[in-house]
Amino acid sequence: MSDATQSGPMLAADGTPLKKSLARSLRRRKLRALALVAPLLLFVLLSFVIPIISMLFRSVENGIVSETLPLTVVELQHWDAESGELPDEALYEAFVRDMVVAVDAKQHTRLGTRLNYEQTGMSSMFRKSGRQIKRIDPEADGPFKDKLIEIHEGWGDVDTWRVIKTHAVPITNGYFLNAVDMQRTPEGAQAQPEDKRILIKLFGRTLFMSLIITGSCILLAYPVSYLLANLPMRASNMLMILVLLPFWTSLLVRTSAWKVMLQQQGVINETLVWLGFVADDARLVIINNQFGTIIAMTHILLPFMILPMYSVMQTIPPYYTRAAKSMGATNWTTFWRIYFPQSIPGIGAGSILVFILAIGYYITPEIVGGTKGVFISNRIAYHISSSLNWGLAAALGTILLAVVLLLYWCYDKIVGIDNVKLG
Amino acid sequence: MAALTPISRKPLSVVLPAVAIAGGFLGMFVGAGQDNVLLGILIGAALMAGLAWLYINVLDNERVARWITILGLAAIGFFFAGITGLIVGLLAGWFFAFFIFWLYEGRYRQKLLPYMTAGQVLWHFTFRVICGAIFVFLITPILVVLPLSFNAQDFFTFTPEMLRLDPEGYSLKHYRDFFTNNEWQRSFKNSLIIAPIATIISVSLGTLAAIGLSQSHVPGRRAIMGILISPMIVPLIISATGMFFFYSDIGRFLEGTLGMNKNFVGYVKVVLAHAVLGIPFVIITVTATLVGFDQSLTRAAANMGAGPVRTFFKIQMPLILPGVISGGLFAFITSFDEVVVVLFVGSASQKTLPWQMFTGLREQISPTILAVATILVVISIALLTTVELLRRRSERLRGLTPA
Numbered sequence: 043m044s045d046a047t048q049s050g051p052m053l054a055a056d057g058t059p060l061k062k063s064l065a066r067s068l069r070r071r072k073l074r075a076l077a078l079v080a081p082l083l084l085f086v087l088l089s090f091v092i093p094i095i096s097m098l099f100r101s102v103e104n105g106i107v108s109e110t111l112p113l114t115v116v117e118l119q120h121w122d123a124e125s126g127e128l129p130d131e132a133l134y135e136a137f138v139r140d141m142v143v144a145v146d147a148k149q150h151t152r153l154g155t156r157l158n159y160e161q162t163g164m165s166s167m168f169r170k171s172g173r174q175i176k177r178i179d180p181e182a183d184g185p186f187k188d189k190l191i192e193i194h195e196g197w198g199d200v201d202t203w204r205v206i207k208t209h210a211v212p213i214t215n216g217y218f219l220n221a222v223d224m225q226r227t228p229e230g231a232q233a234q235p236e237d238k239r240i241l242i243k244l245f246g247r248t249l250f251m252s253l254i255i256t257g258s259c260i261l262l263a264y265p266v267s268y269l270l271a272n273l274p275m276r277a278s279n280m281l282m283i284l285v286l287l288p289f290w291t292s293l294l295v296r297t298s299a300w301k302v303m304l305q306q307q308g309v310i311n312e313t314l315v316w317l318g319f320v321a322d323d324a325r326l327v328i329i330n331n332q333f334g335t336i337i338a339m340t341h342i343l344l345p346f347m348i349l350p351m352y353s354v355m356q357t358i359p360p361y362y363t364r365a366a367k368s369m370g371a372t373n374w375t376t377f378w379r380i381y382f383p384q385s386i387p388g389i390g391a392g393s394i395l396v397f398i399l400a401i402g403y404y405i406t407p408e409i410v411g412g413t414k415g416v417f418i419s420n421r422i423a424y425h426i427s428s429s430l431n432w433g434l435a436a437a438l439g440t441i442l443l444a445v446v447l448l449l450y451w452c453y454d455k456i457v458g459i460d461n462v463k464l465g
Numbered sequence: 010m011a012a013l014t015p016i017s018r019k020p021l022s023v024v025l026p027a028v029a030i031a032g033g034f035l036g037m038f039v040g041a042g043q044d045n046v047l048l049g050i051l052i053g054a055a056l057m058a059g060l061a062w063l064y065i066n067v068l069d070n071e072r073v074a075r076w077i078t079i080l081g082l083a084a085i086g087f088f089f090a091g092i093t094g095l096i097v098g099l100l101a102g103w104f105f106a107f108f109i110f111w112l113y114e115g116r117y118r119q120k121l122l123p124y125m126t127a128g129q130v131l132w133h134f135t136f137r138v139i140c141g142a143i144f145v146f147l148i149t150p151i152l153v154v155l156p157l158s159f160n161a162q163d164f165f166t167f168t169p170e171m172l173r174l175d176p177e178g179y180s181l182k183h184y185r186d187f188f189t190n191n192e193w194q195r196s197f198k199n200s201l202i203i204a205p206i207a208t209i210i211s212v213s214l215g216t217l218a219a220i221g222l223s224q225s226h227v228p229g230r231r232a233i234m235g236i237l238i239s240p241m242i243v244p245l246i247i248s249a250t251g252m253f254f255f256y257s258d259i260g261r262f263l264e265g266t267l268g269m270n271k272n273f274v275g276y277v278k279v280v281l282a283h284a285v286l287g288i289p290f291v292i293i294t295v296t297a298t299l300v301g302f303d304q305s306l307t308r309a310a311a312n313m314g315a316g317p318v319r320t321f322f323k324i325q326m327p328l329i330l331p332g333v334i335s336g337g338l339f340a341f342i343t344s345f346d347e348v349v350v351v352l353f354v355g356s357a358s359q360k361t362l363p364w365q366m367f368t369g370l371r372e373q374i375s376p377t378i379l380a381v382a383t384i385l386v387v388i389s390i391a392l393l394t395t396v397e398l399l400r401r402r403s404e405r406l407r408g409l410t411p412a
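Going down the list, the protein sequences come from chains A and B. Letter by letter, the first sequence follows residues 43 to 465 in the working numbering. Letter by letter, the second sequence follows residues 10 to 412 in the working numbering.
Since the hints were made in silico from the structure, they are not lab data. A virtual CB, placed ideally from N, CA and C, is assigned to each residue, including glycine. Take the hints with a grain of salt, since some may be wrong.
With beta-carbon atoms standing in for the labels, derived distance ranges [claimed, not checked]:
hint, chain 1, residue 1, chain 2, residue 2, range
1, A, R239, B, R137, 36 to 42 angstroms
2, B, R261, A, R169, 22 to 28 angstroms
3, B, W76, A, V327, 27 to 33 angstroms
4, B, R137, A, W316, 56 to 62 angstroms
Here are some, though not all, of the chain A residues that point toward chain B, as calculated from beta-carbon distances under 10 angstroms [to be verified]:
hint, residue
5, P81
6, L82
7, L293
8, F319
9, V320
10, S428
11, W432
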């Protein structure tokens, strides 16, 4: 070391080359940082990311037909669905063998429920036939074709077998087709009958109402943020409390407050009747419809618009507008050409945030939305807890998730995840 | 500077119409109480404009004028609507005495820039009125819930007794119901069990991860950050759907294979689900605190012989503690307020307070909800104050100027 003329790599105190030593220390620091992050990352991956991914799989997974009716599915391969003729005896025999096993394991009602999503009446057909097929001995009681048709005439219907054949695949796009008001048929994807098309409309309504909510949030948040950003610090801090208090108040408190205010006998209607603006028998219907959802959600999401707008407007230097005015610009020109363009990042950040939040809202539409003011998320909840069509719920959720992730990607491009601020 | 703006008296043609409009607005409410809105508006406008004319041309003594207005309007108010009217009259009188001279003496110009045109001045005040209306919109639902929770009736509107400020109209019976009703108490207890445990999990794991993420050479920092923040981005209904499928499998495994108590497993599921939802808030607040953290302090500690653990607890922890606590409060309120996920993942024995409120709002809506809502508002005010104080303390500790 003391030899100043020594050529070759520079050495660290312990004699290893400095470069190597630095690399080792860097590696060690990286590992330590990763070790600190690892427990949480594992936890989030296990209990959040994996459940979401498994939900995505559930939207295409369709093993139930081929698992419950393995022999039938093989036989169905040979049957030409286009011929318009009933399948032959071999298939009926395979079906009876499958069903006897399924009825023992009580799987046939589940299969019936599954197929009922595609064609109404399947559920009761499987349930009713199950009881009688149980008594048939698959070894002795052939031939089965006429016997089955006698048990339930549905087994003599070509459409029944066509539906089973169509949905016998283990991976299906059927749920996604259902989610966009189409159905899987032997002839390929086709539109649902007119009276069953509700989901596209619901998606449209969700987007439309989220846009209206975002728009009204912009309208209400802009003046307030401007005022907050231009008042002296003391005054704006005091007024900020009025923004933060609703932000911190429980969502259910705010929703119940709106329910109380908007009711037929609620505070708003009572006041209007008292002032004589509306007649007592013509009270405004402002709850359980779209208007109720829009006004309640605008109120709930308004702080999410004000906070990003405010933080952007705070950074706009006041001398640009003064300069514009000193050069003869009118008030409107100054605002529109100088101030407004500088505040656009705030509007963008707030709008995307509010839109993302609005599009997946569940609680508020459920309580104040009635039937006309509900969102796609209410439909998902309905399929999870009431109709138990989990595949369709998962497909709807996947579509919604895709939309949100796309928006989130835009948000990241415009604002950056690291710039998310709270309070 | 602004106070130097010269002010001058304004002509009556400006003052009288403005006062008349305000008077008409007040008259509308008095008229509505007497079932004749139009007459109320006309009388109110005429009375106030007349008063203004009198004060300016005859009396010309502001102090006397103020007392005449306040007492006069209070008397009128008391005549029409009792105690409530008296209070409203006092406030209105104070306002009009101020308003008339504020306009007449031109005091509204005092704090504005001297070169502003009349139109700009008008817009300045109109803008403030608009903002005021939006602030009222923001705060009304809360202001309506507070008094209604003391309603003696089972209604959701202000009864005549309440408007008359009659003590008969108010009672604590909804609060009594909340504190004695078994279902509300059980759900409250559940919330108090679930939220703190979930908070502890998300704060301890989240703080460690935020410290790891704040170091300079973390491979894949953006991707990791994205994953950790994702519970906040993904709509709750989708998280709930995913967790519903996942946790029912987990629950079956824990109960069936490991033979655990069903009730216990239910709590574990809800606590884990809530812990995940709280994590993004902890990560964001702690990372924000660490941005201002001076890394040379840890180097100095190491230089003087402290090990990493000792450095963490003696140097780093006290400095980032305010951020950790406010992250914890965010996580707590997330869990305490959460209803969608618990609705899907939990079973009836894990019913939390928001869940109970949700079913109450959907099915048998009872005024006890308003009492609960008031209690929750008080809790959130307490939390908000704590977070704000912590933020100031943190900025002071880190030597930033208090903003």
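Cross-check of the supplied hints:
1. A/R239 to B/R137: 36 to 42 angstroms: With a Cβ separation near 50 angstroms, A/R239 and B/R137 fall outside 36 to 42 angstroms, so the hint is violated.
2. B/R261 to A/R169: 22 to 28 angstroms: holds (25 angstroms)
3. B/W76 to A/V327: 27 to 33 angstroms: Once the Cβ atoms are compared, 48 angstroms apart, the range 27 to 33 angstroms for A/V327 and B/W76 is violated.
4. B/R137 to A/W316: 56 to 62 angstroms: violated (28 angstroms)
5. P81: holds (6 angstroms)
6. L82: Holds, because the Cβ-Cβ distance from A/L82 to chain B comes to roughly 4 angstroms (cut-off 10 angstroms).
7. L293: holds (6 angstroms)
8. F319: Holds - the Cβ of A/F319 comes within 10 angstroms of chain B, reaching about 9 angstroms at its closest.
9. V320: violated (12 angstroms)
10. S428: Because about 13 angstroms separates A/S428 from the closest Cβ in chain B, which is outside the 10 angstroms limit, the hint is violated.
11. W432: holds (7 angstroms)
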